[in-house]
Structure formats: C-alpha cells, structure tokens
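Peer 1: Construct all of the structure, not just a fragment, from the sequences and the given hints.
2 protein chains.
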Amino acid sequence: MMQGYLETGETDTAVFEFFVRKLPKNRNFFVAAGLEQVLDFLEHLHVPADELAWLGASGHVSDDLIDYLSDFRFTGDVHAMPEGTVFFPNEPVIRITAPLPEAQYVETRLINILHFQTLIASKAARMVMAAEGRTLVDFGLRRAHGAEAGLMAARAAYLAGFDGSANVLAERLYGVPAFGTMAHSFVQAFDTETAAFEAFARARPERLVLLIDTYDTEEGARRVVSLAPRLKESGIGISGIRLDSGDMAALSKSVRRILDDGGLPDVTIFASGGLDEAGIGELIASGAVIDGFGVGTSLTTASDAPALDCAYKLQEYAGIPRRKRSEGKATWPGRKQVWRRFDKTGRMVGDIISVHDDDLDGSKMIDCVMRNGKRLAPPRSLDEIRGHMSTQINTLPKDLAGLGAARHYPVSVAEALTDLAASVDRRIDRSLCRAP
Amino acid sequence: MMQGYLETGETDTAVFEFFVRKLPKNRNFFVAAGLEQVLDFLEHLHVPADELAWLGASGHVSDDLIDYLSDFRFTGDVHAMPEGTVFFPNEPVIRITAPLPEAQYVETRLINILHFQTLIASKAARMVMAAEGRTLVDFGLRRAHGAEAGLMAARAAYLAGFDGSANVLAERLYGVPAFGTMAHSFVQAFDTETAAFEAFARARPERLVLLIDTYDTEEGARRVVSLAPRLKESGIGISGIRLDSGDMAALSKSVRRILDDGGLPDVTIFASGGLDEAGIGELIASGAVIDGFGVGTSLTTASDAPALDCAYKLQEYAGIPRRKRSEGKATWPGRKQVWRRFDKTGRMVGDIISVHDDDLDGSKMIDCVMRNGKRLAPPRSLDEIRGHMSTQINTLPKDLAGLGAARHYPVSVAEALTDLAASVDRRIDRSLCRAP
Numbered sequence: 000m001m002q003g004y005l006e007t008g009e010t011d012t013a014v015f016e017f018f019v020r021k022l023p024k025n026r027n028f029f030v031a032a033g034l035e036q037v038l039d040f041l042e043h044l045h046v047p048a049d050e051l052a053w054l055g056a057s058g059h060v061s062d063d064l065i066d067y068l069s070d071f072r073f074t075g076d077v078h079a080m081p082e083g084t085v086f087f088p089n090e091p092v093i094r095i096t097a098p099l100p101e102a103q104y105v106e107t108r109l110i111n112i113l114h115f116q117t118l119i120a121s122k123a124a125r126m127v128m129a130a131e132g133r134t135l136v137d138f139g140l141r142r143a144h145g146a147e148a149g150l151m152a153a154r155a156a157y158l159a160g161f162d163g164s165a166n167v168l169a170e171r172l173y174g175v176p177a178f179g180t181m182a183h184s185f186v187q188a189f190d191t192e193t194a195a196f197e198a199f200a201r202a203r204p205e206r207l208v209l210l211i212d213t214y215d216t217e218e219g220a221r222r223v224v225s226l227a228p229r230l231k232e233s234g235i236g237i238s239g240i241r242l243d244s245g246d247m248a249a250l251s252k253s254v255r256r257i258l259d260d261g262g263l264p265d266v267t268i269f270a271s272g273g274l275d276e277a278g279i280g281e282l283i284a285s286g287a288v289i290d291g292f293g294v295g296t297s298l299t300t301a302s303d304a305p306a307l308d309c310a311y312k313l314q315e316y317a318g319i320p321r322r323k324r325s326e327g328k329a330t331w332p333g334r335k336q337v338w339r340r341f342d343k344t345g346r347m348v349g350d351i352i353s354v355h356d357d358d359l360d361g362s363k364m365i366d367c368v369m370r371n372g373k374r375l376a377p378p379r380s381l382d383e384i385r386g387h388m389s390t391q392i393n394t395l396p397k398d399l400a401g402l403g404a405a406r407h408y409p410v411s412v413a414e415a416l417t418d419l420a421a422s423v424d425r426r427i428d429r430s431l432c433r434a435p
Numbered sequence: 000m001m002q003g004y005l006e007t008g009e010t011d012t013a014v015f016e017f018f019v020r021k022l023p024k025n026r027n028f029f030v031a032a033g034l035e036q037v038l039d040f041l042e043h044l045h046v047p048a049d050e051l052a053w054l055g056a057s058g059h060v061s062d063d064l065i066d067y068l069s070d071f072r073f074t075g076d077v078h079a080m081p082e083g084t085v086f087f088p089n090e091p092v093i094r095i096t097a098p099l100p101e102a103q104y105v106e107t108r109l110i111n112i113l114h115f116q117t118l119i120a121s122k123a124a125r126m127v128m129a130a131e132g133r134t135l136v137d138f139g140l141r142r143a144h145g146a147e148a149g150l151m152a153a154r155a156a157y158l159a160g161f162d163g164s165a166n167v168l169a170e171r172l173y174g175v176p177a178f179g180t181m182a183h184s185f186v187q188a189f190d191t192e193t194a195a196f197e198a199f200a201r202a203r204p205e206r207l208v209l210l211i212d213t214y215d216t217e218e219g220a221r222r223v224v225s226l227a228p229r230l231k232e233s234g235i236g237i238s239g240i241r242l243d244s245g246d247m248a249a250l251s252k253s254v255r256r257i258l259d260d261g262g263l264p265d266v267t268i269f270a271s272g273g274l275d276e277a278g279i280g281e282l283i284a285s286g287a288v289i290d291g292f293g294v295g296t297s298l299t300t301a302s303d304a305p306a307l308d309c310a311y312k313l314q315e316y317a318g319i320p321r322r323k324r325s326e327g328k329a330t331w332p333g334r335k336q337v338w339r340r341f342d343k344t345g346r347m348v349g350d351i352i353s354v355h356d357d358d359l360d361g362s363k364m365i366d367c368v369m370r371n372g373k374r375l376a377p378p379r380s381l382d383e384i385r386g387h388m389s390t391q392i393n394t395l396p397k398d399l400a401g402l403g404a405a406r407h408y409p410v411s412v413a414e415a416l417t418d419l420a421a422s423v424d425r426r427i428d429r430s431l432c433r434a435p
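Residue numbers (numbering that gives the first Met the number 0), protein chains in the order written: chain A, 0 to 435; chain B, 0 to 435.
Since the hints were derived computationally from the structure, they do not count as laboratory data.
Check each hint, because a few of them may be wrong.
[Unchecked claim] Using 20 Å as the maximum straight-line C-alpha spacing, the simulated EDC-like pairs for lysine to aspartate or glutamate come out as follows:
#, chain 1, residue 1, chain 2, residue 2
1, A, Lys21, B, Asp303
2, A, Lys328, B, Glu218
3, A, Lys24, B, Asp303
Peer 2: See the structure below:
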C-alpha cells in the first residue's frame, strides 16, 4: 500500500481514528489503555538497517520505497482520550493526523497495542468491582499469549486497580509491585510440607504467603499453625496462606477457623485457581472468608471476550472527509470529538459524538498529546493513570458499574456529524457514478 | 523459590512434565507446537547484566542468589514429542530433567511459549480441515495479544497448513510466505475506486488481490472487469478479488458471475471478515464460490477457547517420584512415556501412558532432543514440521477429524504407572503422618 501511495503521490494529510464497534456480551463500558506505549512507538518509529536490508532483498518492494523508508519517521499529530478513560462504542479513542503513508504504516502496531491493553484494562475493571476492595494480584503470565502480552496485561491490570503482579519485569519496567509466589512443585520437592513452608519462609520472609493445598488444605493450615511460633522466634511473621483448589468457599471458612483457633487471626486468606470476576463475586456472595485473589488466565487472555471489534479507519484525506460504507461496517466521517455530560453528583449521564470543531456543552474527551511527532508532555506515571481510571469508574452511572449487562449508556450523534455523513455520501455517489 | 532451594541445598535433579489437563469444548485433539522456541530459550538462557543489577537493587533477593544467577545456564535434558505431533489430555508433551532451580526457573516462559503455539496450531488445524484445500492466510496480527503473539501465531498457523501470513516479520524470521493486503483506507484515499485499484495493481502486481467491498461489492467487481484489459496491456494480471463484508455466500456467487461474464474466469475469490472454522465450513456448505480465506482474530486469539488448561508439574525429585494431590488437579508421578498404536491402514487407534522405562507395544512418542543444555540435532525447518503435522492429521481416526465434538480418543494408563502412583501415595501419607 505504501508503494501505491508513493507512486501515485498520495502523500497528503490523512486522518485516522481508532474506535470499537460494539460491546462484548455482558460488558457495559470500555477503558482506554495503551496510549503511552503508542506514543513511545510513534516517537521512536524507524526502520532498522537490518530490516531494511532484508526488505530490499525480499523482492517485495521497490528501491524507491526502500529509500523512502531509510529515513522514515512519524511526523504527525495525535489526539487521544487520556489512558484510563471510560469510553463507549463508536467513540474515537485516538486520532492520528499525518501524511498518508505514515498514518497507514502505523496501523497494525497501533491497533495491536491499543486493542490488547484496552481489552485487559476493561476486563480487570470488572474484577476490581467484583473484589470489593480485596487484594488482587495478576498471576497470568504463563498462559498469556506470549511474553509481551503478559507484560502489557500486568500493566493494564495495575492501571485498573490490581495491587500487583507475579511478573517481575512489570515492576522493573512500569513499577507494578511484584508479588512472589510459591508453586506446588516447591512443596513437593521437600520431604514434608512443613519443611517446604519453613524453607520458603526463611528465604523470603517479606509478604509471606504459604500455599497449603498441595496434599490436603486443612492439614496444610494446621501445619502453618504449628510452624508459626518457630518462625516467630526468628522474627518471621506469616502474612497469608493461599488456597488453589477444592471448594474454596467452604475451605476458606474451615481454614479461617483453624488459623483463628491457632492464634493466627491476622494471617490472611488468599485464593487462586481458575477465578474470574464471576467466580470472585460468587465466592464473596457465598460468604467466603477471602482477603485477596490471584487471577491468571481469565485476566491475561480476557477469556470470555478475548478480542474487541475495534477498527482504525480513514476519516479524512487531503482535507476531504471520507467514509467506508461496507455493509454493517460503515463509519462516521471526518475528525471527531466526544462531549461528555455529568449530573449534579458528578456522574456521567451521556455522550455526544460530533465533528471536532462543533460547539457543544460538556467535557471534551479528546486532547492533543503529540504534535509533529513529539509528545506535548512527558509520559504520565502509571499511578497517575491509575488514579484517573479510578475516578472514571467512580463516575460511571451506578447501573453500569456491575458485572451483568445493563441498559446501554446514551451516546448520541450530533446533527453536524449526520449532516457531514450525508454530504460525504452524496459525494461518493457522484464519484461512483462518474467512475469508469 | 530459587532462594529457598539454594538456602536449603535442594539442588538435586528434578523432573518436570508439561501436559494439558482437558480438551476445550468441541475439540478432539491438540497439536504440539513451540518446541523449537523452547529449545532456543533453554540453549541461550542467562540473566543479562542489566537485569541482574536491577534484581540486586530491588531488594527482592539475596546476594547469594545474585551470585548464583550471574553465571546461570540451563544444563539439563529435554525429552519431547516432535512439533506438529497430535496429542491428548494428560499426555506429557515435554519433559525437563535438570537441577531443581533451573527446572523451576524456566517454568513460566516454557509454559508461555508451548501453551500459546499449541493453542494456535490446534485451532488452525481445524480451519485447515474446514477449508478443504482452499487457500488460508493469517490476517490476525492486529488483534493478536501483542507483537510476539502475532508472530508466533503466524508460525503456528503455517505449521498447521496455512499458506502464509500478512505478518512480514514471520517471513523474515521463519520463512512463512508473506501475503500483501489492501485496506479499505487505500480505496478511500483515492477519488474513485478504480483509481485505487489501478494504483495498487501497478505498485504490487505480484499475487494481486483487490478489495472490492468498500462502497458496493458488485459495483466493485464490475470495476475490476473494466480495469482488467488496461492492466493486461501493462502485463499485469489480476490474481483475485476479496470480499470483506455482507452476505458472502450470495456475493461470492454474483461476483463470480460478473467476473466470468467479464472474461475473468481465472480471477479467484478470497473472503475475510470475522471468519472462523465454523464460518468457513458454513460458507462452503452453502455453495459459496470462494477459493481462499483470510482469517484474523479467531485464529490469533483462538477466540472460542483462548487458553488451554495446561500444567508443568514436578514428577520426580532426587530420584523419588512426586505427585500433587490437590482436589481435581492430581498428577501422575514419575518420568513418563506415551506409546501410540495404529491400525492396519496406519490410523491411530489408542495411546497408553506409562513410566518411561516400561516395555509396551506401539510407537514411543517422546524422544530426547537436548542433553546437558545442548540440542542433539539442528533445528528442524518449518516446512519439515509442517509436513510432519500434515501426516499426523491424516492419521487421526476419521471421526476425530471434524469440527464437532467426537468420542474421546482412547488414552489409557498402564498398570506400571497406577502402581507407581499408589506407592507415591503411600509414601506421602506416611510422611504427612509423621510431619510435625
């Protein structure tokens, strides 16, 4: 495609927008995530010499394109919703304004970044709501789809309110607190479960959580009680125990009793093993005595809806608004803005999508964050983004802040935008008629 | 955990095995994939100086562990099923035999690699069966979970019989044939659809496929017919057209007629847009005239089952078989082998899992591929693996080679293994009784 643009001189300014077409089943909103990684990608965009050499030798592209790519940079503007912002179907989340070949080149990776983190932040938000303030830790690297997915999921989950991740690299790169974990294999390697508990405790006494279900959960809890005084003599306190199998509502109660009776009322109970937001909600509703949850696969693969119906579409080129009209996939043309309105208590009541320079009441959701390929502000800290997302979730209409499907949040299209779409349609029809 | 092992001197030889606990709904088999990446990972395993420095400064680990990690290498053995081999629940796919800290350290990444490629190869195999010989191309990078997932999925899909991928890096790294694609934005950027088609054709005349649904599919097909003679004068042939929306069964027939009537009977019809194996099967069953499919999200996210219930478990330590007995997650202890039996026509009829040194009839499925951290043979080419997988699929019992759930393939556990499990249970019970 780039070769086609260059050969025909189609290098004028293009405007693309990224949006999601519809909500997955049982979802009420999305949360924008991944913007910082997109800006990093754009700011450092270039084609490394070895890739260029390979591409030249591949026979896929012309020498002119290789020349063009040799000093290729992203020189455009980016307008976006801040990371952590709640959004709804058809609302533009990010707008790229750049020479057409640049805006086209970045398409795949931009979608790849935004889609996945938005997917996970939106999923993690549901888990945070379900956990009602209990600790949540990401355990999902192993079954995430590759290493990058595990890392990005740890970031997106923390952004959404998780307390940390078992992915240590996420602490190094993003400051997501690392939580050490203990595997069944550790317990199995020692002759007795108690020996394993003691070795783990002495090796990593901080935030100590012992996994007690390798052989028999209640027996494991009794061993923790027996071991605690000996550890205490060494100044080691047990922070918690972890359940990973069986009837966790029942086990949490019997284990709580064993710990309390054994003089360990402050030892918390942590649960993991195939949990998702529904499982967390059910455990809490059934009176399970659980202080925190480790969530793995359902988080990092967004297992109930592992993809969003998102798109990155050309909305304007060479100053002329454009529109795709494919059946079931038509898009709203032109550069757009989203205005959000709130009630007196500060809760959001409805959004309006219109052309970007319309004059409407409400808060504008999209701002310029990059101009001519340079960020307008330094990267925001993850904790800042996390705070913004928490505020956003707290201003959701109450009926949207649950796990089940609620009424659709009202998103309307302003007259200025429907007028523009109609005029684009008339132009397309004229040009299609006159086309050879 | 590593610190615990080192401090207590638990550095004896451990044996871990990777397996999948159960089939997802509607699946009849798995296909092993990712072994080459696992071997690469193990062969090059080390902790880079910058990571070591960060870890030392993080306060998470002891100086002794940092020392140990500074010249950390994988020195163990690997036994595995060849990539592309069909396997079933509870069958060990890979066995790691190494000092305990090494075998534990590699756990997460090993699962991360094997799980994902196995997931995608197993999904792609279904699409290849559904397409009944038609062309299949991976279009799924954009909604894959990160860049690595997109790349690994392209590899796994090719291994399973796909013809190529729109992911160019997969051609560079793995030799997966790259297929160029044309986006709606390309069409929208030009004043007329015909001008867009012509620009694309002249820029990339090889394997030329024109996307015809941006405005009106049948009109698009007529424009292709009008344009063809002019392109022919320049020596450019149109290889195919692509449908990406609407009623594709009906459109494929009307477009076929337009192309045939326009003297283009050799122009193929390619379809994409939200397809999975069921969609492909339904289109073919409804008589759609489609020669090839582009498959995206459903492939690279394995959308109907985005994770497998896989595990990497300690089966032996310091010469003693081990077993996890957690409720619903108990494992078979010891080093194991899988024997597969075939009928006279060469189709597989049943597998037996037993201890690795049992003497049973059938083909042994697991071989040594790495000894003391070194590969025993150079990496196999992707085409070699692809050929092996194709043979494997062709030897499946006929009823398993469909899209719906079939009877379970017979996998039995040999007496030697049940005997071993019973003796491990007796040992665990004794040690649990005597435990403090």
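Peer 1: What are the numbers of the hints that this structure violates, sorted from low to high?
Peer 2: none
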